[in-house]
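Sequences and hints are given; from them, build the entire structure.
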Amino acid sequence: MSRLTTNLLGIQLKNPVIAASGTFGFGKEYEGYFDPSVLGGISGKGLTLHGSKGNSGIRVCETPAGMMNSIGLENPGVAHFVKHECHVMRSTGAAVICNLGGHSIEDYVKATQMINDADIDILELNISCPNVKEGGMAFGMCGKTAAEVVKKVKAVTKFPLMVKLSPNASDISEVARAVEDAGADAISLINTLLGMRIDVRSKKPIFNNVYAGVSGPAVMPIALRMVHSVCKAVKIPVVGLGGISSYTDALEFIMAGATAIQVGTATFANPFAMPQIIEGLEKYCVQNKLENISEIRGIINK
Amino acid sequence: MSRLTTNLLGIQLKNPVIAASGTFGFGKEYEGYFDPSVLGGISGKGLTLHGSKGNSGIRVCETPAGMMNSIGLENPGVAHFVKHECHVMRSTGAAVICNLGGHSIEDYVKATQMINDADIDILELNISCPNVKEGGMAFGMCGKTAAEVVKKVKAVTKFPLMVKLSPNASDISEVARAVEDAGADAISLINTLLGMRIDVRSKKPIFNNVYAGVSGPAVMPIALRMVHSVCKAVKIPVVGLGGISSYTDALEFIMAGATAIQVGTATFANPFAMPQIIEGLEKYCVQNKLENISEIRGIINK
Amino acid sequence: MPVILQNSHVSPEVCLMTIKNTSGRAGQFYMLRPTKVLDPLLGRPISIHDCVDGNCSFLYRIAGKGTKLMSEMRAGDTIEAYGPYGNGFEPVDSDIRLIGGGIGIAPLYFLARTHKAMYPNRVIEAYLGFVEKPFMLQYFRAVADFVYVRVGGYITADVPFEENVINYACGPNPMMKAAKEEAEKKNSKLFLSLEAHMACGVGACLGCTCPTVSGNKRVCKDGPVFLASEVSFE
Amino acid sequence: MPVILQNSHVSPEVCLMTIKNTSGRAGQFYMLRPTKVLDPLLGRPISIHDCVDGNCSFLYRIAGKGTKLMSEMRAGDTIEAYGPYGNGFEPVDSDIRLIGGGIGIAPLYFLARTHKAMYPNRVIEAYLGFVEKPFMLQYFRAVADFVYVRVGGYITADVPFEENVINYACGPNPMMKAAKEEAEKKNSKLFLSLEAHMACGVGACLGCTCPTVSGNKRVCKDGPVFLASEVSFE
Ligand SMILES: Cc1cc2nc3c(=O)[nH]c(=O)nc-3n(C[C@H](O)[C@H](O)[C@H](O)COP(=O)(O)OP(=O)(O)OC[C@H]3O[C@@H](n4cnc5c(N)ncnc54)[C@H](O)[C@@H]3O)c2cc1C
Ligand SMILES: Cc1cc2nc3c(=O)[nH]c(=O)nc-3n(C[C@H](O)[C@H](O)[C@H](O)COP(=O)(O)OP(=O)(O)OC[C@H]3O[C@@H](n4cnc5c(N)ncnc54)[C@H](O)[C@@H]3O)c2cc1C
Ligand SMILES: Cc1cc2nc3c(=O)[nH]c(=O)nc-3n(C[C@H](O)[C@H](O)[C@H](O)COP(=O)(O)O)c2cc1C
Ligand SMILES: Cc1cc2nc3c(=O)[nH]c(=O)nc-3n(C[C@H](O)[C@H](O)[C@H](O)COP(=O)(O)O)c2cc1C
Ligand code: FES
Ligand code: FES
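Chains as they are written, first to last, in my numbering: chain W, 1 to 302; chain B, 1001 to 1302; chain L, 2001 to 2234; chain S, 3001 to 3234.
Do not rely on the hints blindly, as some may be mistaken.
[Unchecked claim] Within a straight-line C-alpha distance of at most 35 Å, the following computed DSBU-like cross-link-like pairs (lysine-lysine) qualify:
1. L:Lys2221 / W:Lys204
2. S:Lys3221 / B:Lys1028
3. W:Lys28 / L:Lys2020
4. W:Lys203 / B:Lys1235
5. W:Lys28 / L:Lys2065
6. W:Lys14 / L:Lys2068
7. B:Lys1203 / W:Lys14
8. S:Lys3116 / L:Lys2020
9. B:Lys1158 / B:Lys1235
10. W:Lys14 / L:Lys2221
11. B:Lys1204 / S:Lys3036
12. S:Lys3177 / B:Lys1204
13. B:Lys1028 / B:Lys1203
14. B:Lys1028 / B:Lys1152
[Unchecked claim] To give an idea of the chain W side of the interface with chain S (calculated C-beta under 10 Å), a few residues:
15. Pro64
16. Ala65
17. Pro217
No wet-lab data here; the hints were simulated from the structure.
Just so it is clear, the structure is predicted and the values come from calculations on it, not from any experiment.
Where a beta carbon is used, it is the ideal one built from N, C-alpha and C, also for glycine.
Take a look at the structure:
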């Protein structure tokens, strides 16, 4: 067992570094830069039952040390994923996490049932996408609605269930406890923060949807605070993300209590971000004589 | 009347640019860089009834395109302000805004009564400081508690009352409506976002209080979104702030509906930030043939 | 990290940068990051303007923060350069017409050079439109058989779209839309090199998609070059 | 914006930068910003190491992001430099002893030069401690009457604190705390140049306060130099 091996819901990850949903396609796009098998896991692009063309207009823009996106869950649909994409993901050699969004509880449940036929390791339930008009983030805004969808999905899925929370929720620890009680096996957070930019030349919002999701290093301290408070609120494993761009950022999340971390936006700025983080964590363990990275997990709370 | 003259609660500001509370002392500290009389207004360091030594340990640290602070409302107390500092602020020639924090409703009310003796223009009620243990932000987290303190303070103050909201609130538009109903004359937002950083060398949080407030350009898109939604939710004037560092940032807030804007963290990075923003807005008005900047206020909503 | 061999202004607003050890085909682009810090964060998509001896040059307009920083870099500095990305122009044994609007001329020069080298007997005509002062004309004059220049207005209005000449257009969206309409009227084949805001450049983020007759396509990966008849302008 | 006249390593971790048109007294500092973008955002407080003909030099250790970027700047580059800030050292007609720990030696050199110029007959002794390889010793040897160097351990243990010699210490907090204790035992006057994380540098943010016997003081404005007996270490 290596120093970075991480057990997440019974799945042995080579290391605690997972590509974040929506930032790594279905696992093959960055092959020109590194072999995806070095990753602990890959969370695929968020799926919806019937697929979607996503939002029109500008979809990404830069903000200070961050970015905004309004993709709107463009995806080929669950059926296409089961047939074509999950094999691609499996072939990468990293643990396969299927990220699922939805517009209604019925959608989530139907999609979950279809995904039962796929070869994946973990189901990541996205109740936190700020870029779709109906559903999406609405489910993740308070504990009650979140628990409802989690309960229904948990009842039908055959995979370990990780629920991805929204930083826009009223009280994220309350939502976390609610989804834990509803049967979630793990929690991942944060999804993007709701933000806005205006094009002063056209005097119009940059995005057709007006609001869009902020991610990247800019949000890191906010994400870390939320991960820390959720780790203290629940007993199930927490996967931390939001602005991680270096191995020291990753260490901060792990020291705050995260079992694993995900990296999204940083990969856009630096395609080597994830392999560099893995290497940095490995070196850190050696230099600090840790047999396993888990020895420092949650250490600031001890 | 100049192109930038802005009426805020009956006070004629030379321009809509106000120094944010806690980032400009009581108005004199940056005199080596520019004459503070060029500013529209100055919001002084947040006061509390009895004054405070603030927090121990590290108080500021940098984050990507932002910073965190855990000052903890160090201030000389209201009595000292009334006797010594408000004259200093008045002598700057900018409109004088007195920022008031507190730990209990009684504190707020007593302090408000004492401030009635001071020579100020606007009272800015800070119910959003994340760095004090009791009170502070707690009052700003939901509409009910916010309305309570606003009602009591409004009943005793003789000055126009601006209430400063916390971005950490569950639903900031709801809080905004509640304080409007409770008698607030204006709203300012955002105060800092709750964040956290860990020193990976010492394996401890950077701040003794663990969490601290994030500000600066990094939070700008989040602040703009909140200002936009509050502008749509209330009829009273809204003063927007959070990460503004250039005149185009200021324009975005004004186009989203803000009557005036405040600048905080940007001044630390560039002491000339505010005079440059004022100059930029002036030029913008000339180039775009605006007789007054208010012509573009809220233009994206039209 | 790639080293800058030279970087200089060709006009007050436009610069030419050569970066060591880069390569690619005409129509492909790089994501260039002029900083090692976190602001600006994302790479800037910039087309390959030419490639000689394994060193690409990039012609760019100072449009905002990132290109401003690029313009301040000097020979010897290093720059993060990811690429080459995208499909690039398909070389065809035919007479061709290049239609460039402003900085949109950047990738067309490399196309002209490549085409001339492959099909020396084919005719290359360049129609170049500028809002104000033209730039880089001498480059095009050296390789194209005919160079037509317009300052102000729409260059597409002047292009004689013909059935047996293949057209390649790059420029602002309204120009490309106009080119598509004209070309369709005249039944003339037209390739467009599209622009879109990008985050990843490799097809992973879906930030750059454009609607086409066969569904959404990613400008960075499936493009940036598309047959005009396939593109659905909004 | 101030121009860098020279910038070079004096050791693998320590650099010396001279910035045109800057000024100040020994013990004062500048807030230096090595970027024009928003990351890193805040200025880095760096003491004036020397000042000749209206050009200050700064001796800095590569500690993190900001100082790393500084170390990569070159002569001719511009840097945002705000200052001079702080009270600086009070020159006193007395024999003095300088106690420097690591990069803490930076402001002491300028103090030594100033003191020598004002009181040429007074004795200056320098006690310099380093974790590993010492640096800049030749500078101190040129101006001080006696230079004592220690590598590893606490330099304060070697300083003969005396009643009639005034001491000036700058270094890591534990060193300064130890110096204070030793000086108090020996009834010897000691000035400390304190460090604190700073945002504004001008006294506006209250980010840098330190507790003293007369309440909180701002290191940037009321300091960074304090009489040791007034400082309350936590
Ligand atoms: C495939 C492709 C090839 C291009 N080739 C060239 C070229 O050869 N020469 C050249 O000068 N320009 C080219 N552009 C446009 C160039 O990418 C933008 O001008 C540049 O990104 C602006 O960055 P900035 O930081 O200066 O401006 P800012 O406005 O500060 O940029 C902010 C953000 O918006 C994005 N953005 C702004 N304008 C554009 C735009 N027009 N297209 C895409 N993203 C934009 C930036 O990439 C950045 O993420 C190309 C664009 C694409 C998509
Ligand atoms: C009055 C004063 C004078 C100083 N003079 C010198 C000098 O002459 N030479 C020198 O090498 N160093 C000096 N320092 C320390 C120097 O400011 C820090 O080493 C530097 O800020 C580190 O910045 P960084 O970006 O490299 O490190 P990072 O760790 O990336 O910095 C992150 C943030 O923490 C702050 N920070 C980190 N360490 C310190 C520190 N020790 N003190 C204050 N802020 C810190 C930075 O300013 C920045 O805001 C002085 C500090 C003070 C307060
Ligand atoms: C372009 C883009 C697309 C995204 N798509 C999804 C998605 O489909 N499903 C999801 O759960 N999160 C999605 N996210 C959110 C990320 O997975 C991640 O939660 C967020 O970006 C914060 O992490 P980061 O700062 O490391 O990027 C997307 C983010 C970006 C930037
Ligand atoms: C060092 C510091 C001290 C602050 N002190 C106060 C305060 O006393 N009262 C208050 O209402 N806000 C305080 N704030 C919040 C700012 O006024 C402002 O709301 C926030 O920083 C966001 O704006 P900015 O991004 O422009 O800094 C403080 C912020 C900083 C950085
Ligand atoms: S830029 Fe990411 S898919 Fe094209
Ligand atoms: S750094 Fe702001 S008060 Fe000292």
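Hints and how they fare:
As the CA atoms of lysine 2221 (chain L) and lysine 204 (chain W) are separated by approximately 29 Å, the hinted pair is consistent with the 35 Å bound. A distance of roughly 13 Å separates the Cα atoms of lysine 3221 (chain S) and lysine 1028 (chain B); the hinted pair therefore holds under the 35 Å criterion. A threshold of 35 Å between alpha carbons decides the hint, and for lysine 28 (chain W) with lysine 2020 (chain L) the separation of about 28 Å falls inside it, so the pair holds. Simply put, lysine 203 (chain W) and lysine 1235 (chain B) have alpha-carbon atoms about 22 Å apart, close enough for the 35 Å limit, and the pair holds.
A hinted pair counts as satisfied when its Cα atoms are at most 35 Å apart, and lysine 28 (chain W) with lysine 2065 (chain L) qualifies at roughly 31 Å. Under the criterion of a C-alpha separation no larger than 35 Å, the hint pairing lysine 14 (chain W) with lysine 2068 (chain L) is inconsistent with the structure, at around 42 Å. Restraint check: the Cα-Cα separation between lysine 1203 (chain B) and lysine 14 (chain W) comes to about 24 Å, which is no more than 35 Å; the hinted pair holds. Restraint check for lysine 3116 (chain S) and lysine 2020 (chain L): the C-alpha separation of about 52 Å exceeds 35 Å, so the hint is violated.
Between the alpha carbons of lysine 1158 (chain B) and lysine 1235 (chain B) the distance comes to roughly 21 Å, so the proposed pair stays at or under 35 Å and holds. Proposed proximity of lysine 14 (chain W) and lysine 2221 (chain L) is supported: the alpha carbons are some 30 Å apart, at most 35 Å. A hinted pair counts as satisfied when its Cα atoms are at most 35 Å apart, and lysine 1204 (chain B) with lysine 3036 (chain S) qualifies at roughly 32 Å. For the suggested pair lysine 3177 (chain S) and lysine 1204 (chain B), the alpha carbons sit about 22 Å apart, so the restraint of at most 35 Å is met.
Distance hint between lysine 1028 (chain B) and lysine 1203 (chain B) is unfulfilled; the C-alpha atoms sit about 39 Å from each other, more than 35 Å. The suggested pairing of lysine 1028 (chain B) with lysine 1152 (chain B) holds, with an alpha-carbon distance near 32 Å, which does not exceed 35 Å. A cut of 10 Å between beta carbons decides the hint on proline 64 (chain W): the least distance to chain S is about 5 Å, and the hint holds. The beta carbon of alanine 65 (chain W) is positioned within 10 Å of a beta carbon in chain S (closest approach about 5 Å), and the interface hint is therefore held.
For proline 217 (chain W), the interface hint holds, since its Cβ comes within 10 Å of a Cβ in chain S; the closest pair sits about 8 Å apart.
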